[in-house]
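Number of protein chains: 2
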Amino acid sequence: MSGKLFDKVAILGLGLIGSSLAHGLKQKGIAARVVGSDASPEVRTRAREIGLGDEIAETAVEAVTDADLVILSVPVGAMGDVANAMVPGLSPETIVTDVGGVKAAVIAAIEKALPKENAFVPGHPIAGTEYSGPDSGFGTLFEGRWAILTPSARTTDAALGKVTAMWEALGSDVETMSPAHHDIVLATTSHLPHLIAFNIVGTAADMEEVTQSEVIKFSAGGFRDFTRIASSDPVMWRDIFLNNKEAVLEMLGRFSEDLAALQRMIRWEDGEALHALFTRTRAIRRGIIEAGQETAAPDFGRQPQAPQAAGGGEPAEAEAKKPARLAEKG
Amino acid sequence: MSGKLFDKVAILGLGLIGSSLAHGLKQKGIAARVVGSDASPEVRTRAREIGLGDEIAETAVEAVTDADLVILSVPVGAMGDVANAMVPGLSPETIVTDVGGVKAAVIAAIEKALPKENAFVPGHPIAGTEYSGPDSGFGTLFEGRWAILTPSARTTDAALGKVTAMWEALGSDVETMSPAHHDIVLATTSHLPHLIAFNIVGTAADMEEVTQSEVIKFSAGGFRDFTRIASSDPVMWRDIFLNNKEAVLEMLGRFSEDLAALQRMIRWEDGEALHALFTRTRAIRRGIIEAGQETAAPDFGRQPQAPQAAGGGEPAEAEAKKPARLAEKG
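Chains S and P are the protein sequences, given in the same order.
Here the first sequence stands for residues 1 to 330, where the numbers follow the working numbering.
Here the second sequence stands for residues 1 to 330, where the numbers follow the working numbering.
Source of the hints: derived by calculation from the structure; they are not laboratory data.
Please read all numbers here as calculations on a predicted model, not as lab measurements.
From the three backbone atoms N, C-alpha and C, an ideal C-beta is built for every residue, glycine too.
Some clues are possibly wrong.
Stated by the list, open to error - With beta-carbon atoms standing in for the labels, derived distance ranges: (1) P:Asp270 / S:Glu250: 34 to 44 Å; (2) P:Thr59 / S:Glu208: 16 to 26 Å; (3) S:His181 / P:Ala108: 47 to 57 Å; (4) S:Gly29 / P:Gly51: 31 to 41 Å.
As the list claims (entries may be wrong) - Computed list of chain S residues with no C-beta within reach of chain P, every gap over 10 Å: (5) Lys4; (6) Asp7; (7) Glu55; (8) Glu58; (9) Gly80; (10) Asn84; (11) Ile126; (12) Thr155; (13) Thr156; (14) Gly161; (15) Ala165; (16) Glu168; (17) Glu175; (18) Thr176; (19) Gly221; (20) Thr281.
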């Protein structure tokens with residue numbers, strides 16, 4: 001017994017969320033021992049190079065052996081396979097949780113694989129960046145964000161309490177709701193926005209009257225805001241849309257209806273209706289800022305970025321840490 | 001003669017762009033004297049309180065008298081009226097330019113009002129924030145951004161040279177193109193993105209299964225990114241859509257077609273096509289970062305925002321300057 005919330009936590013899947021959990025659980029003293037693993041040999045090698053957690057196990061079975069908590073942090077479509085793969089290593093006392101962005105489909109997949117003795121706490125932290133992979137994680141990712149837990153028939157009170165305590169120790173606020181409600185809320189606040197962002201970036205790239213270079217040069221007019229979430233992990237997002245199909249199609253139907261109405265306002269030059277809509281949308285941002293979920297700094301507090309030398313192979317991440325050319329002038 | 005690029009510049013319209021120009025022209029020594037004016041008495045009073053430019057004139061005629069450059073920085077739909085109002089104060093040598101986000105319609109409106117002797121240089125800086133009004137301006141807004149000039153039959157080489165020199169001195173790169181091409185490029189990189197952002201924020205606010213409070217709490221899943229440009233000035237955007245109707249409707253048609261195809265991929269569970277689209281959109285952001293038009297910092301480099309006390313009347317702008325509650329912990 002370590003005196004920590006958990007003696008051993010196993011993290012299966014070392015992308016942005018898994019690697020952020022590994023950092024956070026160690027930095028904040030939540031787990032005495034953190035063992036990670038990943039299906040990809042390249043990811044395991046990289047995770048060892050950067051010293052992620054206490055150990056990177058070769059297999060899921062090895063990682064979960066003697067763990068008191070297992071966190072599944074793989075794309076939604078891979079949850080069932082990873083759950084199946086780890087089962088031989090589980091002890092009956094091990095609590096299992098996940099971080100999947102869709103809940104109903106993921107619960108079904110994991111509970112099919114999981115032995116009846118194991119408590120399961122379905123979860124989803126509402127946090128992330130547009131970067132992915134084991135290098136992208138950081139221990140403060142979950143601070144000030146919400147973590148949603150969606151208890152199922154396999155969730156015990158004791159397990160729910162421990163997973164809640166973990167998220168709170170990571171700096172998150174915790175809310176519980178039903179899996180079905182989660183899936184419609186997230187279709188609204190996350191899945192539809194991503195879908196629209198992917199779509200508009202695709203539409204702009206296909207314009208034959210406007211060159212790709214013009215789209216890039218003049219992107220500060222608004223377009224670049226969409227490219228951030230449209231550069232999120234393609235596998236993760238493919239799986240989310242396929243596994244939350246009904247809610248996403250429902251939201252998409254509403255969006256398209258509203259867009260048709262807006263198109264009609266423009267065609268018939270209904271300036272009053274346009275002005276009314278644009279005034280209403282302003283108030284929502286103010287609410288998000290007041291709730292502490294967004295910065296009030298103009299332009300997200302963006303710092304200017306120096307153009308990169310042509311052919312320069314330096315990663316953009318490193319470049320961001322240097323003072324930008326134009327900022328130096330001011 | 002002041003030895004500066006301009007002896008006197010008049011700025012008509014003191015919103016985000018007008019007030020940023022007033023700051024920038026003084027701070028960078030581009031104009032010896034900057035005189036502003038605005039149709040709104042409240043804006044004129046506020047501009048005087050914060051010491052914007054050298055003087056705030058009561059009328060457009062008074063502001064433009066003896067100016068060697070007049071910059072029209074009002075919403076696109078007001079350009080014709082402001083041009084008409086200032087004409088009695090113009091001398092034949094005065095160069096006129098504008099910053100309107102639509103060019104064909106604005107050129108027609110301004111040239112109808114302007115005496116034949118005056119040179120006119122239609123322009124549009126691709127820069128801004130989501131804030132508006134005379135307090136929102138800052139002199140570095142145009143640094144590292146593009147300014148587009150769209151010469152018309154009324155543009156002389158000498159006037160084009162001086163306006164180009166002004167934008168370059170403000171830190172911008174200048175590109176010239178035809179008004180019609182500008183209007184289709186900006187429909188792609190700015191007008192369509194704003195339209196989609198206004199629409200999705202409206203759609204989310206109207207969901208009856210999801211409360212407004214849930215939309216706000218869980219907005220970090222992607223939704224909040226859209227609220228920034230959806231909180232831009234409603235009058236400015238109403239006018240842009242009404243004055244660039246054809247190009248906006250054309251882009252909207254393409255967007256809707258693409259969205260229907262994407263909807264079909266989800267309905268028929270075409271994971272391969274989804275993955276291909278999501279991979280392609282990633283590359284575009286990298287191009288924008290490499291061109292110096294976007295930060296590479298994760299999440300736009302956003303800093304966490306402390307939740308505001310309930311009922312606190314403090315403006316969000318002031319709050320942003322304080323260290324956030326959660327940042328203090330880290």
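Looking back at the numbered hints, which does the structure fail to meet, lowest number first?
1, 2, 4, 11, 17, 19, 20
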